[in-house]
Amino acid sequence: MAQERRFPIGSPILEVKNVSLSFGGVKAITNASFSILTHEIKAIIGPNGAGKSSMLNCINGIYQPQQGSIIFKNELLSKVNPNLIAKKGISRTFQNLALFKRMSVLDNILIGRRLHMNANFVQVAFQTNKARREELENRKKCEEIIEFLEIDDIKNTPVGKLPYGLQKKVELGRALATEAEVLLLDEPMAGMNVEEKREMCRFILKVNDEIGTTMVLIEHDMGVVMDISDNVVVLDYGKTLADGPPSEIRANQDVIDAYLGVAHD
Amino acid sequence: MKSNNIFMEYTKNDIINFLLLMFVALLIIPITIESGYWYSSILIPWLCLALASIGQQIVMGYAGQLALGAAGFMAAGAFACYNLILRVPDIPFFVALVLSGLIAAAFGILFGLPSLRVRGIYLMVATLASQFFIVWMIDKFGWFKNYDSSGIITAQDIVIMGKSFTSPLEMYLVIVFVVTVLTLLAVNMARGSTGRNWMAVRDMDIAAESMGISLLRTKLQAFAISAFYCGVAGALFAFTYLKSLEPVAFDIKLSFKILFMVILGGLGTISGAFIGAAFILLFPVLLNSVGNNIFHGAIDATIISSIEQVVFGVLIIIFMIYEPLGMAKLWDNIILKFKKNN
Ligand SMILES: Nc1ncnc2c1ncn2[C@@H]1O[C@H](COP(=O)(O)OP(=O)(O)O)[C@@H](O)[C@H]1O
Ligand SMILES: [Mg+2]
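Those sequence lines, one after another, are chains R and S.
Take this note's numbering: the final residue in the first sequence is number 265, and no numbers are missing along the way.
Take this note's numbering: the final residue in the second sequence is number 1342, and no numbers are missing along the way.
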């Protein structure tokens, strides 16, 4: 890791405290606690079904945990929904791609700018100055992101027609476009080859370095995890098994027994 | 791919197409077509129903909400317009028309509420309530019909700035004006952030919500605007085509017709509304004239109307499966091929 960071890691921005979530009889998360520090890249690892995605869904307001609390910037998040969480400054990508399939790459990324655009439908219908200005400004921002992600050549293609790897990239672009303080990335590199993964890591590191976005990343590739994350939290059967810097996690006997020891694809 | 299609600035093609259309609508047609039949039986209903189809397009093609009940909102608009002109002295026609749209929009919000809970076929059934409720309400309370017992009320003449527009050509021109303005507004919304939000809700609602789009507001907005278009279309339909106000004219069959116009024309395109409406209106006319002129009436009228239904049914299934973007897309493809060959 670089020695001098433009955005040094600070105090906790997001705290998960004793969170439990179950679906009927299935316990997805059991009393999990960890915190995420401002400007850090935090990996969440754990075997399939460990409750990683469910955790992001709780933070993001899709699921409501039955117990525990989630605190964002010293504010308890209760009775929330994804829309509210977006407004508070947390954005995300989804494990199984949740793009707007029939819309172009550019339009998908423009939706990421939703909260930066507030012309109402009457202003849009009559193309008032405000509506035009805002549209142009936000398009420019999206073009920058498209350039950054090197997807210029496909910006007008409907995303449904793109190969999986590119769709993953577009989804990252959409999340980046929000300029949220915290990004939750659910397996952004799943199904990618080494080359593509390396590229994705570069994007994540660069955004974290240049604008200080706090990243929460679910990833299975231990090479990637140990490489780019500042801290790692390990979930196993819905419980937090360990939480600490990569070097510590690698040496943790519980983690080795439960997860690292066994082969993973 | 063209890289210069930053939409806010209309492209040169857009402007040329628009001017061409206006030239045809305002000059060529009025000069060349004299027969009132063409205006009253084809152009006027076509434009009215195309406008209602834009409404259906907004809620279904853009916002992805399977709503069925356009005719109910049309009835609301039609009777609102009748009552406004009847009861508000000297109300300008266009003011009455816009208010009628707004009243229909209020019903749109009310009957859009189920969309917050159910989707797909369930929503379709739930929105049918609008169809039955509005028509029932107008029938039930005599006030809406000014206590007219005959059941059919004659629509007032359209008077704009002291001049009455009663001939087929004059009424056609009024409609061209309204439809042009509302179509432009719809295109602006569809291409702008408003339409993007609708489509995001249509394509993946949970992701849309996670990007800060309120599903509640966006869906109800689409329902309201959709009903506004249907309401205005209904008022125009009653005042220029039916020339009367009768709730039965706005039955469920009309709602289905508008639904089919949108499906055949192409979901999620404004031009599809016009193409679909033209097809659904003209196809029976065409079929009839084929029956009369080629088979000299040898084919029974009931058979012809059955053929019509079968063809519509088959086409709808074909389009749903193979070309969900409908005839508008088909047309684009043909143009594209044509350009390539040249
Ligand atoms: N919506 C849901 N309904 C029922 N069970 C669910 C749901 N979401 C997740 N689960 C269950 O919760 C557990 C954790 O799932 P998940 O969070 O997806 O794990 P991970 O992302 O770590 O692979 C699994 O047993 C899964 O079957
Ligand atoms: Mg998962």
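Hints should not be assumed to be uniformly reliable.
[What the hints assert, rightly or not] Example chain S residues on the side facing chain R (calculated, C-beta under 10 Å, incomplete): (1) V1024; (2) L1026; (3) G1192; (4) E1209; (5) G1268; (6) I1334.
Note that these hints are calculated values from the structure, not bench results.
Backbone N, C-alpha and C define an ideal beta-carbon position, used for all residues, glycine too.
Each hint tested on the structure:
A hinted interface residue such as S:V1024 counts as satisfied when its beta carbon comes closer than 10 Å to some beta carbon of chain R; here the least separation is about 25 Å, so the hint is violated. Evaluation of the S:L1026 hint against chain R yields a violated restraint, the C-beta minimum of about 22 Å exceeding 10 Å. A hinted interface residue such as S:G1192 counts as satisfied when its beta carbon comes closer than 10 Å to some beta carbon of chain R; here the least separation is about 4 Å, so the hint holds. For S:E1209, the interface hint holds, the least distance from its beta-carbon to any beta-carbon of chain R being 4 Å, beneath 10 Å.
Taking 10 Å as the C-beta contact cut-off toward chain R, the hint placing S:G1268 at the interface holds, the least distance being around 7 Å. About 20 Å separates the beta-carbon of S:I1334 from the nearest beta-carbon of chain R, more than 10 Å, and the hint is not met.
Violated hints, in rising order: 1, 2, 6; the structure is consistent with all others.
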